[in-house]
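For the record, the sequence lines run as chains A and B. Sequential numbering from -5 applies to the first sequence in the numbering used here. Sequential numbering from 29 applies to the second sequence in the numbering used here.
Hints listed in this document are in silico derivations from the structure and should not be mistaken for laboratory results. Mixed in with the good hints, there may be bad ones.
[Unchecked claim] Mimicking DSSO-like on lysine-lysine, the simulated pairs with C-alpha atoms at most 30 Å apart in a straight line are:
{"no.": "1", "chain 1": "B", "residue 1": "K73", "chain 2": "B", "residue 2": "K132"}
{"no.": "2", "chain 1": "B", "residue 1": "K83", "chain 2": "A", "residue 2": "K9"}
{"no.": "3", "chain 1": "A", "residue 1": "K17", "chain 2": "B", "residue 2": "K161"}
[Said to hold, decoys possible] To list a few chain B residues with every Cβ distance to chain A over 10 Å, as calculated:
{"no.": "4", "residue": "K83"}
{"no.": "5", "residue": "T85"}
{"no.": "6", "residue": "R102"}
{"no.": "7", "residue": "K106"}
{"no.": "8", "residue": "M110"}
{"no.": "9", "residue": "F112"}
{"no.": "10", "residue": "Q113"}
{"no.": "11", "residue": "D119"}
{"no.": "12", "residue": "M133"}
{"no.": "13", "residue": "M162"}
{"no.": "14", "residue": "I166"}
{"no.": "15", "residue": "D216"}
{"no.": "16", "residue": "M226"}
{"no.": "17", "residue": "K235"}
Think of the CB as a built atom: it goes at the ideal place given N, C-alpha and C, for glycine as much as any other residue.
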Amino acid sequence: MTYLHSIGEYFLMLKGVFGRMTKRSVLRNLIFKEINELIIGSLGIVCFLSFFIGAVVAIQTALNLNNPLIPKSLVAFAARQSVILEFAPTFISIIMAGKVGSFITSSIGSMQVTEQIDALEVMGINSKNYLIFPKIIAMLTYPFVIAISMFLGILGAYVAAVLGGFVKPDDFVSGLQDDFVTFHLIYAFIKTFLFAFILATVPAYHGYYMKGGALEVGQASTTAFVWTSVVLIITNYAITQLLLS
Amino acid sequence: MIEVKDLHKAFNGEEVLKGLNFVFERGKTNLIIGQSGSGKSVFLKNMLGIFTPEKGTIEYDGKPYSEFTDEERRELRKEIGMVFQGGALFDSMTVKENVMFPLKMFTKMKKTEMEERVNTVLERVNLIGADDKMPSEISGGMQKRVSIARAIVNRPKYLFCDEPNSGLDPTTATVIDNLIQKITHEFDITTIIITHDMNSVLEIGEKIAFLKDGLLAWTGTKDEIFKTEDKTVTDFVYSSNLFKKVRDAQLKGY
Chain A
-5 MTYLHSIGEY FLMLKGVFGR MTKRSVLRNL IFKEINELII GSLGIVCFLS
45 FFIGAVVAIQ TALNLNNPLI PKSLVAFAAR QSVILEFAPT FISIIMAGKV
95 GSFITSSIGS MQVTEQIDAL EVMGINSKNY LIFPKIIAML TYPFVIAISM
145 FLGILGAYVA AVLGGFVKPD DFVSGLQDDF VTFHLIYAFI KTFLFAFILA
195 TVPAYHGYYM KGGALEVGQA STTAFVWTSV VLIITNYAIT QLLLS
Chain B
29 MIEVKDLHKA FNGEEVLKGL NFVFERGKTN LIIGQSGSGK SVFLKNMLGI
79 FTPEKGTIEY DGKPYSEFTD EERRELRKEI GMVFQGGALF DSMTVKENVM
129 FPLKMFTKMK KTEMEERVNT VLERVNLIGA DDKMPSEISG GMQKRVSIAR
179 AIVNRPKYLF CDEPNSGLDP TTATVIDNLI QKITHEFDIT TIIITHDMNS
229 VLEIGEKIAF LKDGLLAWTG TKDEIFKTED KTVTDFVYSS NLFKKVRDAQ
279 LKGY
């Protein structure tokens, strides 16, 4: 029953988010602020992780290809498929659930416990729209982060595979181009958009409806990370089943 | 003026407000006092429209709140200023941005006009020079003054204050009380203050509603409260050792 109540509350929150809109000029500034905090602020860790994950995937694949009949270009093929289909959109989203999700929950949760949300409501401002809508719009730029992640993941794989002496540069480029299915990229970006919405709204729900004090803000952030990850994984499974099988 | 008629509010079948009647007068500091759990905050939240009463009406300048359309309710909220117990300042904004916030949201004023209005209000609450500071960089008393500045910047008709001097030292608390009273008279606002603090009652209690167990137990002024022989009120007022000693000294003719 508690879960059903929470799911219902989440959708009612979404209704409120898309309800009465905040003044456009104020909203515009909030969206730019959120893009800076949620997206630009995450680029460093995303770039770092993507490069090294790509590199490790290439090394692992290369080390497991002992059969001389299997072409070395397969290292690039495997790295490309892994990075585009799963590592960039899903793995990075899990990382973002920790970084961006915790930030969203704690910032909204702190506002809740210090009566800042009450202050907005008393002024006649739709607090759900004011606080959550700009985050959703800012997260629409999240696919750019994933595109950068894909590029750096493959670059990391190239550097590790070529500098490590596992594959020749020409073989790597050839492997990258082998059996390329454009729809895989479309699938990756479709799920990235869904993940972006989840990353903005699930942590926001945990922050908006939290009760208590500073300790509970911390607990809400942890709970938000767990539930955002769960929802991401289930959505990933459902969308993969729908689009690829 | 806000008139409350036969106000009832219950939670899970338990009645918290049991038929309150009171008139909060314009241009006066109206105080709601009473022990914890007496229903003060619920009373305030009903007036702010956060809670919906089961029975009774709250009339803003003669019009019942329940008859307001959504648009009228939004307009009414623009005429309400609220000073929260903890200040409730937006911690991602500077003092100036906090005070400017209602103007940005609800007016079409130019930036220079807004800055002029903000500076006037900050001057009024003695906060000139603190405008670029963040809420975390200023003292509790200053935060309360910023909160008052934000509440009055859009020239509200109604000012609600939830324990505005809780957590402040007696000197700062008196400064805040006097500031609220001066603003109330100057802008002819209907001010409603929830407080536990008998010093506030003594300073600014122009009209007092004493709540006990969800009922209006006593009404009067700051002069009358110290003369009343109503036991419910005297038990509350003289629960403070200081007031008790002053009364005993007076009785002994010191």
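Hint-by-hint comparison with the structure:
| no. | hint | result |
| --- | --- | --- |
| 1 | B:K73 <-> B:K132 | holds (25 Å) |
| 2 | B:K83 <-> A:K9 | holds (29 Å) |
| 3 | A:K17 <-> B:K161 | holds (26 Å) |
| 4 | K83 | holds (23 Å) |
| 5 | T85 | holds (20 Å) |
| 6 | R102 | violated (5 Å) |
| 7 | K106 | violated (6 Å) |
| 8 | M110 | violated (5 Å) |
| 9 | F112 | violated (5 Å) |
| 10 | Q113 | violated (7 Å) |
| 11 | D119 | violated (7 Å) |
| 12 | M133 | violated (6 Å) |
| 13 | M162 | holds (14 Å) |
| 14 | I166 | holds (15 Å) |
| 15 | D216 | holds (21 Å) |
| 16 | M226 | holds (25 Å) |
| 17 | K235 | holds (22 Å) |
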